[in-house]
Amino acid sequence: MKPIAKKPLPRRFHQARWDESVIFELSQPGQRGVLLPPVEAGIQQEVGNPAQALPEPLLRKTPPALPEMSQIHVLRHYARLSQENLGVDLNIDVGQGTCTMKYSPKVNDQLARSPKLTELHPLQDESTVQGILEVMFRLEGMLKEISGMERITLQPGAGSAAIYANICMIRAYHAARGEDKQRDEVITTIFSHPSNAAAAKVAGYKIITLYPDADGYPDLQALKAALSERTAALLITNPEDTGIFNPNIEEFVRLVHEAGGLCSYDQANANGILGITRAREAGFDACHFNLHKTFSTPHGCGGPAAGACGVSAALAPFLPVPTVEFNGQKYYLDYNRSQSIGKIRPFYGVTPNMLKAYAWVMTLGADGLREVAEIAVLNNNYLMTKVLEIRGASAPYAKGKRRIEQVRYSWEQLTSETGIHSEEIETRVADFGMHYWTSHHPFVVPEPMTLEPTESYSKADLDEYAAMLKQISDEAYADPEIIKTAPHNSTVHRIHNEPFDNPDEWAVTWRAYLRKTGRKKG
Amino acid sequence: MQAKKPRIYPYIPNSAPEAKDAMLRAVGATSVDEFYADIPENLRFKGKLDLPEALQSEAELIRHVDGLLSRNTSTREALSFLGAGCYQHQVPAVCDEINSRGEFLTAYAGDPYEDHGRFQALFEYESMMAELLNMDVVNVPNYDGFQAAATALRMAVRITRRTKVLLPANLGADKLSKASEYLKPDIAVELIPFDPKTGLLDLAALKANLNPQIAAVYFENPAYWGLIETQAHLISAAAHAAGALSLVSTEPLSLGVLTPPVEYGADIVCGDIQSLGMHMHYGGGHAGFIASSDDPKFVMEFPSRLFGISPTVVEGEYGFGDVAYERTSFALREEGKEWVGTAAALWGITAGVYLALMGPQGMVEIGEGLMQRCRYAMRKIAPIPGVKIPFAESHHFTEFVVNFDGAGKTVAEINRALLERNIFGGKDLSTEFPALGQSALYCVSEVHTQADLDRLVAALKEVLP
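Taken in order, these protein sequences are the chains called C and F.
Quick note on this note's numbering: the first sequence kicks off at 1 and runs consecutively.
Quick note on this note's numbering: the second sequence kicks off at 1 and runs consecutively.
The set of hints was computed from the structure by calculation and includes no laboratory data.
Hints may be right or wrong, so weigh each one.
Below are the BS3-like pairs computed for lysine-lysine, each with C-alpha atoms no more than 25 Å apart in a straight line [to be verified]:
#, chain 1, residue 1, chain 2, residue 2
1, F, K207, F, K164
2, F, K297, C, K516
3, C, K7, C, K516
4, F, K164, C, K181
Sample of chain F residues facing chain C (criterion: CB under 7 Å; computed from the structure) [as the list claims (entries may be wrong)]:
#, residue
5, D38
6, Y143
7, E190
8, P193
9, P196
10, S293
11, D294
12, G336
13, W339
Since the structure is predicted, the reported quantities are computational estimates derived from the model, not experimental observations.
In this text, a Cβ means the ideal position worked out from N, Cα and C, and glycines have one as well.
Using the sequences and the accompanying hints, generate a full structural model.
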């Protein structure tokens, strides 16, 4: 036998293409996927069928037109759809900057599937939930140490909900001092996550957004100009979504404090600084982590996520209820907090993710967390070196400087020389079984690309990702048509996007689609 | 002396010294410290974080976590009658199978080309919810039913350009807390009392409170106390007559038997989907839905992602993508509608699996069966001396209030005694609704057999004097 040729870089990928129907088209009359426990004769004899006694306007006339399917057909349909999806388990998921796509350890998922957690009702007597309360208490302790903050709440369901919880606590703090009417402005930066601006707006604030100075750092002069007796808070990410750490962050915090405002630290980008620098040392009053980013809990196609807010002693009285406390003998939930902002969500938070984050920290310990940060940063700077060798790519701002855990690149040169835009590269990347992200809007960096390689990827992984980008760059200069007509190896081909913004054509549901296209049901 | 072996990190491939050195050389750095040059010395954390010693192997970790979790007693090991927003239902095995698949579990924000699967699965979730609700627009899930209600209220305010909303006084205290905080900056909340006999909304009081400032009348069906609001169409009509919107929060599992709220006049419908295939997770299994008509006046006020269907360049292919993305905070930051971000998409996919498994007949059967078990439990508990069922004449779905004022014991005492018999009694309402006295909210489920319900009745008889 002659030797088989070695695998090329990038690999020859083709996504699964099951040509799967929409689930309603798979319906077969009379089929069922699951059965229910029967209602015993004794119950039926006693009460009959109370549903039939409902007043006429409340009783549903026709059953909902859901698909009728046997169990294997439901399973197969969704198993096929899952194959038409990528995730960290499958791809070199460095392309979703700001989102810290790292490996989610399987053992942690397995632990969180224990019926000792999944089958707990949140209102059970405290004596029957000492185990999970201890996990929550211990996780708070870990996050207190990692952030340096006084208390943590694990209640918010995601990072944006944590931003919102923090601004609510800040609002309550100013209200307690009689300054809530006066302090009606929140300052943020354009390279902080959009939810800093958006959640503060919902909380009633006027938003002031700072833009970077020529070096890419948040503009100190602009901050000074924005501060006044109306300043309620600064909400800022650091390192920002450019991967650049703001060396003046302490000065920012000091100036805001001098103006009477508070500072909340969006630590969505904490992965590169675990054990290196903390919110407390920089003087922050509040911070938040995303457990589904830095602390490894899986992203679930966009949640369930989990946010954790850290606060100073001054903000602790305003924490959402309940807090988890320990009296030396038992763990308990404390609702007796008169200045609390109340509830952010039902019950106590996304508990399975708390357990997964706890298990992750337990596996790594202090040395391991620092190793996470250092390798994430090493990987990022290595990938940056490789990307900057590619024709048409650059890393705006802070020329010649290193980055922390991610980089916002620009394809501006490639676009001007070839006409290929970053969004087109994004589509072409799907042909290689990878993911790629431009940036949040607005595109302050022209033709942006944001990569965050975390600690989970090997040198070979990063080389493969860079080889793919290089090939796409080569195509842009030599054969742009292959990019303009991409994807070629994906589940589907280029989608007509116009209907999504046209109210006469958009269809958010199958029934709307049938109605608007004149297709009949069934 | 033996040199200490470097620690190996199975989750961190490049922590191997060989890889680390090669990479440092490639970037021309002598140590990782160079990358942190921008972090001032005084901001550096000195020393080592005070964290527990690492449990590096799976065996050690499992032993440790199992040890903690073993101190919990789950509802599989006891007989539970707790509800109040989190519900014990049988989760079909296929639901867990699908949401455990790494392709879904570990994906995030891929575009419709590499993540066609999640776009289709979430479009189908929206579509099946739409059949349950008889409405054309349903969002990709947001955080939970509390958030869904709070956002629905804000949507109504934006649509009507009015400044007040009316909520029922028998709303759960936690949901009221969330909504009040969320609306606080610019929207006034007023509570409409309930009829103490029926537990339903006081229609006369509602009408008296309606005026041109009211943006929305929000009510729940089934309501927090398990009651089916039989005046629903009258409430909607009253709201509409005053130019307000009718907002209804509903339990999707009830919609095999209950009329979809749109048919009694609801303009926006919202709720939680935890019942549709999510485990309780100690309150960690929630996700919210919001639904409306296809009128752009409503659609453009959703903060959430809305996944839609569209053709591709190849005939016969279904493509998916974001509908009206330009309304979101992703596109417009603070000028978008509230905010959008990571929420609970995997629970949406799971709820879709649940609805497909149940089908139309399953949804009818579960609704009927829950109402039968609920009524049976009420009938059997009512005659116990010292016990009253305050709203027994009203229709109930899965929950009902039990009052123990005549028993000479508090709910806390009764629940302690039930716990000794390995029964989790209903939620204590005595501080949440002092007007109800010593009352508890009991909840039944399809997992309860007649014997389970009879056991509760027997235990209550034992416990009460």
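Hint-by-hint comparison with the structure:
1. This hinted pair checks out: K207/F and K164/F have alpha carbons roughly 14 Å apart, not beyond 25 Å.
2. Among the hinted pairs, K297/F with K516/C is consistent with the structure: their alpha-carbon atoms are about 18 Å apart, no more than 25 Å.
3. Between K7/C and K516/C the alpha-carbon distance is near 48 Å, which puts this suggested pair outside the 25 Å criterion.
4. With a C-alpha separation of about 20 Å, the suggested pair K164/F and K181/C falls inside the 25 Å cut-off, and the hint holds.
5. Checking D38/F against chain C: minimum C-beta separation of about 4 Å stays under 7 Å; hint holds.
6. Proximity of Y143/F to chain C holds as hinted, the smallest CB-CB distance being about 4 Å (cut-off 7 Å).
7. Checking E190/F against chain C by beta carbon gives a least distance of about 18 Å; that is not within 7 Å, so the hint is violated.
8. Interface hint at P193/F: violated, since its Cβ lies 22 Å from the closest Cβ of chain C, which is beyond the 7 Å cut-off.
9. For the restraint placing P196/F at the interface with chain C, the shortest Cβ-Cβ distance is roughly 21 Å, beyond the 7 Å limit, so the hint is violated.
10. The interface hint given for S293/F is broken, as the beta carbon of that residue sits about 10 Å from the closest beta carbon of chain C, more than 7 Å.
11. With a least beta-carbon distance of about 6 Å to chain C, the hint placing D294/F at the interface is held under the 7 Å criterion.
12. Interface hint status for G336/F: upheld, as the beta-carbon distance to the closest one in chain C is roughly 6 Å, under 7 Å.
13. Using the Cβ-Cβ criterion of 7 Å, the hint placing W339/F at the interface with chain C is satisfied: the shortest such distance is roughly 4 Å.
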